[in-house]
Structure formats: C-alpha cells, structure tokens
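Chemist: Residue numbers (our numbering), protein chains in the order written: chain A, 1 to 423; chain B, 1 to 304.
What you were told as hints is all true, and nothing was included just to trick you.
Partial list, computed: chain A residues near chain B (C-beta under 8 Å): (1) SER58; (2) GLN101; (3) LYS245; (4) THR300.
What the hints contain is simulated information worked out from the structure, not anything from laboratory work.
None of the values given here were measured: they were computed from a predicted structure.
From the three backbone atoms N, C-alpha and C, an ideal C-beta is built for every residue, glycine too.
Each chain is listed here by its residues.
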Amino acid sequence: MRSAALRSLGSLALVAMLSACGTSTSTTTTSSSGTTSASSAPAAGATTVAIGIDMPLSGDDASIGVPTKNGVLLAIDEANKAKALPDGFTLVDKTLDDAVQGTHDPAAGAQNVKTFISDSSVLAMVGPFNSNVAQSEIPLTNDAGLVQISASNTNDGLTTGDNAAKLRTSHPDVNTYFRDCTRDSRQGTALAAFAKKLGWKKIYIVDDNETYGKGLADIFDTQFKAVGGAVLGHDHLTKGQQDFKALLTKARSSAPDAVFYGGNTSTGGGLLRLQMADVGMKATPFIGGDGISDQQFITTAGAMSNGSYYSFAAPEASKLATAQAFITAYKAKFNEDVGPYSANSYAAAKIIIAAIAKGIKDNGGKLPTRADVLKNVAATKNFDSPIGKIGFDKNGDTTAPILTIKKIQDKKAIFVDQIILKS
Amino acid sequence: MDVFLQQIVNGISLGGIYALIALGYTMVYGIIELINFAHGDVYALGSFVSLAVLALLGVQDEVHGAALIGVIVLTLAGSMLACGLVGVLIERLAYRRLRNAPRLAPLITAIGMSFILQNVMQLWKGPSPVPVPQFIPNPTLFHSGAVEIQLKQVLVVVLAVVMMIALQAFVTRTRVGKAMRATAQDRDAAQLMGININTTIALTFLIGSALAGTAGFVSGVYYGTAVFNAGFAAGLKAFTAAVLGGIGNIAGAMLGGFLIGLIEALTTQFISDQWANVVVFSVLVAVLIFRPSGLLGESLPNKV
Chain A
1 MRSAALRSLG SLALVAMLSA CGTSTSTTTT SSSGTTSASS APAAGATTVA
51 IGIDMPLSGD DASIGVPTKN GVLLAIDEAN KAKALPDGFT LVDKTLDDAV
101 QGTHDPAAGA QNVKTFISDS SVLAMVGPFN SNVAQSEIPL TNDAGLVQIS
151 ASNTNDGLTT GDNAAKLRTS HPDVNTYFRD CTRDSRQGTA LAAFAKKLGW
201 KKIYIVDDNE TYGKGLADIF DTQFKAVGGA VLGHDHLTKG QQDFKALLTK
251 ARSSAPDAVF YGGNTSTGGG LLRLQMADVG MKATPFIGGD GISDQQFITT
301 AGAMSNGSYY SFAAPEASKL ATAQAFITAY KAKFNEDVGP YSANSYAAAK
351 IIIAAIAKGI KDNGGKLPTR ADVLKNVAAT KNFDSPIGKI GFDKNGDTTA
401 PILTIKKIQD KKAIFVDQII LKS
Chain B
1 MDVFLQQIVN GISLGGIYAL IALGYTMVYG IIELINFAHG DVYALGSFVS
51 LAVLALLGVQ DEVHGAALIG VIVLTLAGSM LACGLVGVLI ERLAYRRLRN
101 APRLAPLITA IGMSFILQNV MQLWKGPSPV PVPQFIPNPT LFHSGAVEIQ
151 LKQVLVVVLA VVMMIALQAF VTRTRVGKAM RATAQDRDAA QLMGININTT
201 IALTFLIGSA LAGTAGFVSG VYYGTAVFNA GFAAGLKAFT AAVLGGIGNI
251 AGAMLGGFLI GLIEALTTQF ISDQWANVVV FSVLVAVLIF RPSGLLGESL
301 PNKV
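All chains, please: the whole structure from these sequences, using the hints.
Modeler: Written out as structure tokens, the structure is:
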C-alpha cells in the first residue's frame with residue numbers, strides 16, 4: 001500500500017509541475033493614452049496609427065520598464081500636439097506588459113508581438129526591454145515585416161553573428177530589429193576597464209544564466225582577464241533561487257576584490273547583493289551591468305546597495321545639453337525622474353514617428369504599409385535626438401554608442417563616468 | 001576546511017527551513033495520503049503575515065531586550081495562527097468534500113488552492129520581493145577562523161528542532177495525537193471507535209499549516225525578503241525532503257530537510273551552484289530505488 005502510494009507520488013508531482021509551468025502566460029493590457037485597436041472603425045476622416053510598446057510593467061522589472069515606456073508615451077504625445085503627422089492621422093500607443101509573476105517573460109513578449117502583428121493599425125513597435133524577450137520576438141517581427149526598435153537590449157547575438165542570422169528565420173535578408181543603445185561586448189569591455197581602473201585585481205563572477213546576463217558575464221570574464229585581472233570563479237544562478245548564502249560563502253573563501261553580477265535585479269541581483277551582508281562580505285564592492293540600473297535594485301538590497309557600481313548602455317541624459325528639453329518635458333508629464341533608458345525609448349519613438357510621417361508623405365497622404373515604415377527606419381542617419389545624432393548600421397545597431405557608469409551611495413545613484421565609443 | 005564547516009552551517013540553517021515546511025507535508029500525507037500542494041504557498045503566506053504583524057507593531061528597525069522577545073513571540077504567533085486558520089479553511093473548502101473522490105481530484109484542487117494563494121499574495125503586496133524589517137540583531141555567536149555562526153542561523157535550527165520535538169510529543173503522547181494516529185491507520189475503524197474524523201483532519205491541517213507559518217516567519221527574518229511565489233520552489237524541495245526521509249514520518253521529514261540543505265550547500269561549494277538541484281534529486285532517486293519508503297520510512301511503523 002505504502003510503496004504503491006509512493007510510486008504514484010512521482011507522477012503526481014510531475015503533473016503538478018507541468019500544470020504550474022503552463023499557467024504563466026497571462027499578460028495585462030495597460031493603455032495610457034487611449035489605445036484604439038484596428039477593428040474599431042476610425043471616425044470619419046481620422047485614421048489612427050498605433051505604435052506598439054512591449055515592456056515589463058509589473059513586478060521587479062517595473063521600476064525600469066515603466067520609465068522606458070514613458071519615453072515613448074511622451075514622444076507620441078508631443079507628436080500629436082506638434083502635428084508631426086498630416087491632418088487626419090492620430091498617433092496612439094498600444095502598450096502591453098511582458099512580465100509574468102514579477103519577471104520579464106519571453107513567452108509573454110512573443111504573445112504581445114503577435115497581438116501587435118494582428119492589429120493592422122500597429123505600424124511599428126518599441127521594445128522589448130530584455131534581451132531574452134527580444135530573442136523570442138525577433139523571429140515574429142521578421143516574419144511579419146514589423147519594425148521594432150529596442151531602447152535597451154544589449155545582447156550582441158540579437159544583431160550580430162550566427163545567432164542574429166538564426167533569428168531572421170522567415171526572411172534572412174530582411175532586418176526588422178534595431179536598437180539605439182549599444183552592445184554588451186562594449187559594455188563588458190568598458191566594465192572590465194573600469195574595474196581595473198578602480199584597482200581591483202581579483203573578481204568573482206556570478207550570472208543569472210539568461211541571454212543577457214550570461215552574455216554580459218562571459219564578455220566581462222574574457223575582458224577582465226585580457227586587462228590582466230584574475231577571475232576567481234564564475235557561477236550561475238538558478239531561476240527562482242532565493243538562498244545565495246552557500247554560493248557567497250564559496251565566493252568569500254576566494255577573497256575577491258569585488259563581485260561581478262551579470263543579470264537583472266529581478267533574476268536575483270538584488271537578493272544576491274542583500275545576502276552578501278550575511279556572509280561577511282559587507283565591505284566587498286558589487287558591480288554589474290544595466291540589469292541592476294533600476295530603482296528596484298536599491299529597494300531590494302536596501303542599505304547593502306551602497307558601494308555597488310553599474311553601467312548602462314546609454315548616455316546619462318542629465319549630462320547632455322541636447323536632452324535638457326526632454327528631461328523637463330518628461331518631469332512635467334510624469335512627475336518623476338527619467339530612467340536610464342527613457343531618453344533612448346523617446347528617441348526610438350521619434351525615429352518611428354518620423355518614418356511614419358515620411359511614409360504618409362511618400363504615399364500621397366495615405367496610410368503607409370509596414371514595409372514603408374521599416375524601409376524608412378532602416379535608412380535613419382544622423383537623426384537629431386536628445387541622445388545625440390543617431391543612425392543604424394546594416395545590423396540594426398546604433399552608430400552612436402555611449403555608455404554610462406554610476407555608483408550607489410546613500411541609496412542614490414551617482415554619476416561616475418560617461419564613455420563615448422567609436423561605432 | 002573552514003569553508004567546509006561554514007557550508008555545513010549554511011546547509012543546516014537552510015535545511016531547517018525545509019524541515020519546518022516538510023513537517024506539514026508529511027503530517028497531511030500521513031493522515032489522508034494527499035499531497036497538499038498549497039502547503040508551500042501557506043509557507044510564503046507566513047512571511048507576508050509576519051510582515052503585516054511587524055507593520056502593525058510599528059517595527060522597522062532592530063529591537064533589543066525584552067521588546068525583542070515580545071516582537072518575536074507576537075509575530076511568530078500571528079503568523080502561525082493566520083497560516084493555521086488558512087490551512088483549515090483550505091481543507092474545509094477544497095479537500096473535505098473530495099476525501100473519497102478519485103485521487104486526481106483533490107490533487108488538482110490542491111494546485112488550484114496554490115495558485116489562489118499565490119495570486120492573493122501578489123495582489124496584496126505586488127510581485128516584487130518585499131523587504132522584511134531586520135528587527136532581530138544578528139551578532140556572530142561563534143567565530144573560529146573563517147567559520148561564523150550567526151544568531152539568525154541558530155534561531156532557524158533551534159525553532160525547527162523544538163517544533164519537531166513538540167510535534168512528535170504531541171502525536172505520541174496526547175489523546176488527540178492518538179486520534180490522529182488512529183485516523184492515519186484506518187479512517188473507518190477510527191470513526192467506528194468514536195473519533196471525529198473531520199475534527200482530527202482539520203486539526204492536522206491547523207498544525208501543519210502553523211508550522212509552515214513558522215517557516216515563513218523564519219525565512220522572512222533569515223533572508224530579509226518576502227516573495228509571493230517563493231512557496232513553489234521551497235515547497236517542492238520540502239516535499240522532496242519529506243519523501244527522502246520517509247513520508248508520513250516526523251523525524252524523517254526533519255532528517256530529509258537537513259540533508260537537502262546540506263547537499264545543496266556542499267554541491268554549491270564543491271561542484272557548482274547550478275548542479276545543486278541535480279545532485280539533490282539524484283540523491284532522492286537513488287534513495288528511493290534502494291529504500292522506496294524513504295530513509296526512516298519503515299523503521300518506525302507509526303505514521304503520524
């Protein structure tokens with residue numbers, strides 16, 4: 001009786017796990033400025049053009065996803081006020097959340113993109129925020145010919161190399177994916193150089209095993225060794241892990257000058273930093289990429305967030321003369337400070353709006369096709385934006401890469417350095 | 001060597017949390033042979049209730065002296081009581097009517113309850129990890145070389161062991177405990193002997209869930225955060241601990257919990273963090289092949 005019952009336990013547990021995995025693809029729709037879907041017939045003479053926004057808007061990622069979304073909303077708002085599109089055309093946003101149970105989710109992102117594709121009023125989209133989400137979205141936009149610009153994806157494989165080629169499944173010769181931030185190969189290299197400049201010689205690396213986190217950590221690993229540093233260990237977190245004390249004890253035993261983390265706050269970065277206090281690593285500095293550039297990192301790690309460094313693959317808007325008007329307008333509209341990628345998403349939306357406007361003009365005042373918008377976005381060169389003159393190369397990467405490094409002191413992020421790279 | 005000892009300390013304190021959760025799994029399974037999948041979420045709820053009690057008491061920072069004892073007792077009691085009542089409610093709503101239904105039915109309602117609890121917690125406090133005030137000072141009690149034992153680690157282990165001994169005594173020494181054992185052995189016969197089955201089972205859920213509440217309180221204190229979906233992973237590990245030790249056996253659940261904590265910590269140190277789960281479940285498979293009823297499963301004939 002007993003062993004028969006036990007045997008059935010295994011299969012029951014399996015059923016439970018499967019069902020638990022299958023339920024997490026819900027997405028919520030939030031609309032901030034009157035979303036209209038294509039199915040609702042436009043009022044006489046007024047055509048609605050929608051820009052899709054896919055960002056993580058709930059949970060841990062919300063503290064960085066929402067300010068990035070807001071950049072797009074501001075651009076749409078301004079464009080409507082300034083009549084950037086000819087009379088009879090109105091811009092709206094169609095905003096979807098790709099966070100499931102508190103963290104960005106590739107399956108939810110893919111579902112959101114399918115929603116955009118099936119809505120014929122959506123001519124372009126901004127997003128996603130996270131590289132692994134982009135990984136699942138690019139094949140879909142490539143198939144549908146829908147242009148997407150990300151303000152924050154930094155993984156190299158999204159635009160270059162074999163991986164990028166594999167993502168363009170339906171139309172290998174067409175690129176629908178662009179980004180106005182720079183890549184992790186540059187971010188990782190800059191972080192390694194910065195770590196060396198701070199005098200760190202031995203670093204322990206931890207990553208979250210995601211597309212972005214592992215990619216960045218691997219680059220940092222290679223680059224830090226290349227500048228003469230020693231990597232004492234390189235470990236990967238497991239999704240959903242909460243106890244990092246054993247891992248940190250192991251790290252401490254090798255006496256590192258700092259701990260490098262490749263990943264997001266939501267995938268373990270905040271808790272990892274917080275638990276360093278419990279294993280006697282209170283004074284050991286912590287350094288990471290743009291995945292911990294969110295406010296949530298400071299909330300989760302509390303006082304332990306002090307003494308952490310991070311970079312993000314965009315300029316610090318407050319340091320740019322060209323971005324001051326944007327910052328003022330952003331604060332006036334949303335009553336909060338700009339996020340690390342708000343200016344980038346604003347610029348991305350501006351590029352899309354300009355491409356749509358040109359499309360309408362070229363099409364004799366009629367609604368352009370998605371292919372027209374894609375063509376115009378791809379041709380972007382020297383586009384004036386708050387983050388400088390930007391354009392895209394043939395892979396979809398920005399031609400004006402800039403990185404920023406910040407330090408957290410007294411639970412506030414302080415500007416440390418801005419690195420302008422040659423494209 | 002120091003690192004090895006330190007990892008043993010880490011493993012035992014992590015195992016203490018697993019053990020506390022595993023006790024609840026094992027009690028419920030021992031009596032009605034149901035895997036209460038909502039149990040892990042009751043544990044997560046414990047952290048949230050502790051948070052709420054701390055907020056009620058206005059505790060935000062470290063508390064010292066007699067006030068500290070008071071805060072610990074109140075928070076722990078609040079968490080145990082709330083979780084215990086939720087456990088009883090779950091039993092009443094989702095399991096009682098299905099007690100004689102095919103096995104799959106209560107399993108599915110258990111998963112349903114698990115999701116309901118998760119989503120209620122998510123609605124209550126949002127999906128981000130919520131910081132729990134660090135009100136217990138955490139001095140290092142023992143220090144030798146690189147080995148440190150902190151107050152919180154001792155607290156986890158002491159609570160787990162005390163709870164286990166109390167539970168064991170309750171089940172073997174009291175009248176109600178005897179009724180539980182009788183119900184576990186043969187429900188119908190127990191009923192014929194005049195034991196109120198419904199009350200006995202409800203009481204089992206009350207105690208098991210109160211233990212999960214204890215674990216929730218401890219984890220909130222130990223990790224400094226409460227996450228709404230922490231119950232799934234921890235619940236699965238604790239369930240594994242219960243099976244490893246011999247499901248239905250109180251000492252076995254404890255042993256299984258500590259073993260899994262230790263295996264995780266040592267695998268992290270000597271192999272890799274990523275392999276921790278692989279090693280844990282490999283050990284489980286190996287143990288079950290050679291001892292299908294778990295480590296202590298047969299040596300003690302009395303189920304809960």
